[in-house]
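Chains as they are written, first to last, in the working numbering: chain G, 1 to 320; chain V, 321 to 634; chain A, 635 to 884.
Hints are computed from structural coordinates only; laboratory data are not their basis.
Treat each hint with caution, since some may be false.
To be verified - When the alpha-carbon atoms are kept at most 25 Å apart in a straight line, the in silico DMTMM-like pairs for lysine to aspartate or glutamate are as follows:
# : chain 1 : residue 1 : chain 2 : residue 2
1 : A       : Lys-660   : A       : Glu-698
2 : V       : Lys-324   : A       : Glu-698
3 : A       : Lys-727   : A       : Asp-746
4 : A       : Lys-727   : V       : Glu-578
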Amino acid sequence: MQRRVSTLLLAVGTLFLAAISLFVGVIDLHPGEIWQGGEAFTLMLDSRLPRTLAAVIAGAALAVCGMIMQMLVRNRFVEPMTAGTGQGAALGILIVAVVFPSASILTKMSIATATALASSIGFLMIVRRLPAAQPLLVPLVAMIYGGIIGAGVAFFAYQWDMLQFIDTWLTGDFSGVMRGRYELLWIAAGMTLLTYLIADQFAIAGLGREASINLGLNYDQVLILGLLAISVVAALTVITVGAIPFVGLIVPNIVSRQFGDNLRATLPLTALCGASLVLASDIVGRVIRAPYEIPVGTVLGVIGAFVFLWLLYARPSHAR
Amino acid sequence: MRAKSLWICCLLLVVCCVLFMTLEARGNWDFVLWFRGRKLAALLLVGAAVSTATLLFQTISRNHILTPSIMGFDALFTLIVTLAVFTFGAAGYNHLPVEVVFFVNLALLIAAALILFGTLLGQYRVDLMRMVLTGIIFGILFRSLTSFIFRMIDPSEFATIQVNSYARFNYIDVNLLGLATVLTSVTLVFCWRMRRQLDVLGLGFEIATNLGEHVARRQKQALVLVAVLVAVSTALVGPVAFLGLLVVSIARLVAPNETHATLLPLSAVIAGIVLVGGQAILERGLGMSTPLAVVIDFVGGFVFLALLLRKGWT
Amino acid sequence: MITVENLSYTVANTCILKDISVTLPKGGITALIGPNGAGKSSLFSHIARLLPLQTGRISVEGLEVSPSNRQALSRKLAILPQEVHFATRLTVKELVQFGRYPHCQGRLRSEDHAMVTAALEAFGLMSLADRFLDTLSGGQRHKAHVAMTYAQDTDYLLLDEPLNNLDIAASRALMALLRRLADEEGKTIVIVLHDINFAAQYADHLVVLKDGCIEREGKPAEMVTGALLADVFGTDAQVAVVDDTPFVMP
Chain G
1 MQRRVSTLLL AVGTLFLAAI SLFVGVIDLH PGEIWQGGEA FTLMLDSRLP RTLAAVIAGA
61 ALAVCGMIMQ MLVRNRFVEP MTAGTGQGAA LGILIVAVVF PSASILTKMS IATATALASS
121 IGFLMIVRRL PAAQPLLVPL VAMIYGGIIG AGVAFFAYQW DMLQFIDTWL TGDFSGVMRG
181 RYELLWIAAG MTLLTYLIAD QFAIAGLGRE ASINLGLNYD QVLILGLLAI SVVAALTVIT
241 VGAIPFVGLI VPNIVSRQFG DNLRATLPLT ALCGASLVLA SDIVGRVIRA PYEIPVGTVL
301 GVIGAFVFLW LLYARPSHAR
Chain V
321 MRAKSLWICC LLLVVCCVLF MTLEARGNWD FVLWFRGRKL AALLLVGAAV STATLLFQTI
381 SRNHILTPSI MGFDALFTLI VTLAVFTFGA AGYNHLPVEV VFFVNLALLI AAALILFGTL
441 LGQYRVDLMR MVLTGIIFGI LFRSLTSFIF RMIDPSEFAT IQVNSYARFN YIDVNLLGLA
501 TVLTSVTLVF CWRMRRQLDV LGLGFEIATN LGEHVARRQK QALVLVAVLV AVSTALVGPV
561 AFLGLLVVSI ARLVAPNETH ATLLPLSAVI AGIVLVGGQA ILERGLGMST PLAVVIDFVG
621 GFVFLALLLR KGWT
Chain A
635 MITVENLSYT VANTCILKDI SVTLPKGGIT ALIGPNGAGK SSLFSHIARL LPLQTGRISV
695 EGLEVSPSNR QALSRKLAIL PQEVHFATRL TVKELVQFGR YPHCQGRLRS EDHAMVTAAL
755 EAFGLMSLAD RFLDTLSGGQ RHKAHVAMTY AQDTDYLLLD EPLNNLDIAA SRALMALLRR
815 LADEEGKTIV IVLHDINFAA QYADHLVVLK DGCIEREGKP AEMVTGALLA DVFGTDAQVA
875 VVDDTPFVMP
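Could you build all of it, start to finish, from the sequences and the hints given here?
Rendered as structure tokens:
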């Protein structure tokens, strides 16, 4: 019951934030003007609406992917953007940009997904070797692993003189989102919906290989499906808006603290929370130094780090 | 034995310095020597400062994986500098002499370091893993705050942030070179005189106490020295990330024993080799456009991962 | 003589030690025994100045246990904590040399070298002197640590459960060695022990703790009885007497 109410409240909150997002920006818009057509209507359709939708989709998708990754890795302190998946995607985009500059957006997307997937599998293979008694070792290794791939990206970017792109990929920013430039994110949205269909399987995978096999689950298949979904979402987010840190980490933790880990019931909440968090951060970034903007990646870097520290100390020995 | 590995490394360092000074040198020799000489001095200074700071930090935190950079130390210094500009305004800030500004920032860094890391290290039984993770998150937090404040000061300027995320070994702030030399030398003398106490500190809280050391006070002293060294190196070249970890790990491999009398000079010399040699080979020898800092980050990251995976971390 | 007066110790509202006053005699071996959680290790840590005093006073032969006396204390009282971990790679000899630190602050003189050699010989570590600690077995490593405290050349030696992780032969050898140090070199040894039989066999004086209080103290032969085991440890074990030494049947 409590969960239903919370879901409803969160849905209302997200809508409210979305409405604010539609009317906050360099040019003042009043709800009345839009229906008169003209400039205001165009602005709404070309910029504000796409931007708001992009924030909602990216936030929801990243939060859900964070939850799934935490189930697959069986550790509460990991998320795709810091564990190498996001950096892997950036590496893929960089390679496409240099080797096939004229490639279609679909090719770009496929290659970025492939490198993100390879990078995630690499991470999972390292995690398997870590001692189970050291839960905090996993996020540590995750961050360094992500950092190494990030340094690799920087290395090639310097070599190929593509440095200006690094900032775009590695710091999430919605200011460039326009009609015709964000639609790929709808694929991420679809992917997130698909994961909901097998939410139970991810929840069981979170219990571990032995428990999964005991319950008749095709563990490896769930693993691959989950990693694929994470990689697609990460790649698409990095391509369209750049890496957005910490959403996939703090949202699942907060949801799990409040409502537990029955994913079928909590994934919608996770998605709504993620969407609200990213929307709110984007609005803050737009308002705090208007008319200039602070990228959402930077805002979330600050908020997320604070919340992470709180999680680290508020959730002592049983943290996993 | 101890002398042998140190001498070999010294010899290598001299070769690197000669290469650095002479490779592809054209034009007026006086100018080349003056221009490159200052850079060389700065690189050697940074090497000694970073390696010593790392060694001290590893000793007082009793492990071979943490470094001041990994714990967000130099990110903290960058944050303090940025905060100072933000509070006093760029105009008012530029009127003050660089030395005054530096000392104010240094004092702030020492205070912040004692508060943040002093409490982290001072606990009787520390969960090392949690401490490392805290440090890394501190680092992310400080860096995010820095770029946040940067955008607040000058939203139109994007390039400056990029400069701050990697060390710039080929663009060194030589204004502070004189002051940095004096400060580093004095600090290094202190560290050298503390070497025996550091050896004891490395044995852990219980044994050091048993042998009559005041562990908490000594940790704080070392932390102040680390703060000075980090401030100097960060002011000269920016954040150095994995450089310290890389050179101290190499030093431990090469060194015949792990006393600070051996490790302090050896790791400083190795840091010099990595920086001067790396710069000479990468820029002049191979003509690569990738900065040395990125390569060090890449290699240093692997070293870090290897250290993490090798130790069972009991 | 180690004097503890009105020592209390509280962690997170839990009282670990309750107003303890006890005098540990000079000379011989004094064993601290008691059930798990009785406060043995806390008492040890306070005497060893590993924990700051909350209330009360502790002095070793009139020398106050306080931060201002740490160097003088380190020449009077050596401690061996339960588990020792450090990342530094040291050889056995280097470790034992650290035992001389309180006397020479790291600058070894000829008498310090002589003492190190004596310690290595006393513990049969000469052949292992240049081996790194991490290449040794647990028992050998432990011996090296005891040798370090021996090299410290103090009148008092405090050991916290030194028999943990040692097999029966190593345990007996260590206790025999401590016995010899007490008898031949007049050292005062205070030892926290888990195993009552080892305490009864080797100690001269027993101090029994329960729930943060000193329950009773005295000679092993008089102390170790079925009543003690029932009252303090809450188990009704039988006590046999072999060669005048009480022996708890497992």
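Going down the list of hints, with the structure as the test:
1. Annotation: proposed proximity of A:Lys-660 to A:Glu-698 holds, straight-line Cα distance about 16 Å (limit 25 Å).
2. In summary, the hint linking V:Lys-324 to A:Glu-698 is not supported, as the alpha carbons are separated by about 47 Å, beyond the 25 Å threshold.
3. For the hint pairing A:Lys-727 with A:Asp-746, the CA-to-CA distance comes to about 12 Å; that is within 25 Å, so the pair holds.
4. For the hint pairing A:Lys-727 with V:Glu-578, the CA-to-CA distance comes to about 13 Å; that is within 25 Å, so the pair holds.
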